[in-house]
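Residue-level listing of the chains:
There are 2 protein chains.
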Amino acid sequence: MAKPLSPEEISFALTALPGWRFENDALAKDFKFGSFRAAMAFMVRVGFEAEAADHHPEWTNVYNRVAIRLKTHSAGGKVTGKDVELAKAIEKVAG
Amino acid sequence: MAKPLSPEEISFALTALPGWRFENDALAKDFKFGSFRAAMAFMVRVGFEAEAADHHPEWTNVYNRVAIRLKTHSAGGKVTGKDVELAKAIEKVAG
Numbered sequence: 001m002a003k004p005l006s007p008e009e010i011s012f013a014l015t016a017l018p019g020w021r022f023e024n025d026a027l028a029k030d031f032k033f034g035s036f037r038a039a040m041a042f043m044v045r046v047g048f049e050a051e052a053a054d055h056h057p058e059w060t061n062v063y064n065r066v067a068i069r070l071k072t073h074s075a076g077g078k079v080t081g082k083d084v085e086l087a088k089a090i091e092k093v094a095g
Numbered sequence: 101m102a103k104p105l106s107p108e109e110i111s112f113a114l115t116a117l118p119g120w121r122f123e124n125d126a127l128a129k130d131f132k133f134g135s136f137r138a139a140m141a142f143m144v145r146v147g148f149e150a151e152a153a154d155h156h157p158e159w160t161n162v163y164n165r166v167a168i169r170l171k172t173h174s175a176g177g178k179v180t181g182k183d184v185e186l187a188k189a190i191e192k193v194a195g
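Chains as they are written, first to last, in this note's numbering: chain A, 1 to 95; chain B, 101 to 195.
Since the hints were derived computationally from the structure, they do not count as laboratory data.
This structure is a prediction, so every number in the text was calculated from the model and none was measured.
For every residue, glycine included, the Cβ atom is placed at its ideal position computed from N, Cα and C.
One or more of the hints may lead you astray.
Stated by the list, open to error - Capping the alpha-carbon separation at 25 Å, the derived lysine-lysine pairs in PhoX-like fashion look like this: (1) K129/B - K178/B; (2) K32/A - K178/B; (3) K29/A - K82/A; (4) K132/B - K78/A; (5) K132/B - K103/B; (6) K192/B - K178/B; (7) K192/B - K71/A; (8) K103/B - K171/B; (9) K3/A - K88/A; (10) K32/A - K3/A; (11) K171/B - K32/A.
Unchecked claim - Here are the computed distance ranges between Cβ atoms for each label pair: (12) K132/B - S11/A: 32 to 38 Å; (13) A152/B - A53/A: 28 to 34 Å; (14) A152/B - G95/A: 39 to 45 Å; (15) G81/A - E185/B: 41 to 47 Å; (16) R137/B - D25/A: 47 to 53 Å; (17) P7/A - P118/B: 42 to 48 Å; (18) V62/A - R121/B: 16 to 22 Å; (19) T15/A - R121/B: 17 to 23 Å; (20) E151/B - P7/A: 16 to 22 Å; (21) A16/A - M101/B: 43 to 49 Å; (22) A67/A - E185/B: 31 to 37 Å.
Take these sequences, add in the hints, and give me the full structure.
This is how it looks when you write it as structure tokens:
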């Protein structure tokens, strides 16, 4: 089972994740795209990454915006290395 | 421009939309699927309906759950006939 990261580990991870923040026990980032289609395409691509990692985001879409929150339910809703890995995969998709 | 519906019109529309409710000035329904993949597939199909109608949901996905809220920004964030039409299209997708 994934272990919760310490505050120091989270701070260190964030240095490699531009635009991400630690908020309410989760890694969070808000994305804005040029259109609803672009936002949906992003979500589908992230969906494949999430499914492959068997680790899934909490996310909200409103038109061209996607707000993402990552935490690990099996670790008491805390941030673990799985969240950091998924955030990195999301950054690659966002390109 | 779409006109806000009256409370009576909203109540009447809800009679044809099982599981939908009127909440915080929006039409709302929470969907639960058998998997994340099924939830994503649902969102993609609804996305095509939304884009075709040029009317888009506010929605949140967590694993196999999708919470949808519909209101019309161009009508002051009130429920209009566009929301009722999109809710009907969503029901068809949910099948």
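Hints, one by one, checked against the model:
1. K129/B - K178/B: holds (16 Å)
2. K32/A - K178/B: holds (24 Å)
3. K29/A - K82/A: holds (16 Å)
4. K132/B - K78/A: holds (24 Å)
5. K132/B - K103/B: Cα-Cα ~31 Å, so violated.
6. K192/B - K178/B: Roughly 23 Å between the alpha carbons, so the hint for K192/B and K178/B holds.
7. K192/B - K71/A: violated (33 Å)
8. K103/B - K171/B: holds (11 Å)
9. K3/A - K88/A: holds (18 Å)
10. K32/A - K3/A: violated (31 Å)
11. K171/B - K32/A: Given that 25 Å is the threshold and the Cα spacing comes to 20 Å, the pair holds.
12. K132/B - S11/A: 32 to 38 Å: holds (36 Å)
13. A152/B - A53/A: 28 to 34 Å: Once the Cβ atoms are compared, 32 Å apart, the range 28 to 34 Å for A53/A and A152/B holds.
14. A152/B - G95/A: 39 to 45 Å: Between A152/B and G95/A, where Cβ atoms are some 27 Å apart, the hint is violated.
15. G81/A - E185/B: 41 to 47 Å: holds (45 Å)
16. R137/B - D25/A: 47 to 53 Å: violated (27 Å)
17. P7/A - P118/B: 42 to 48 Å: Distance hint for P7/A, P118/B holds at roughly 47 Å.
18. V62/A - R121/B: 16 to 22 Å: Holds, at about 19 Å.
19. T15/A - R121/B: 17 to 23 Å: violated (44 Å)
20. E151/B - P7/A: 16 to 22 Å: violated (42 Å)
21. A16/A - M101/B: 43 to 49 Å: holds (46 Å)
22. A67/A - E185/B: 31 to 37 Å: Given a distance of about 26 Å, which is not inside 31 to 37 Å, the answer is violated.
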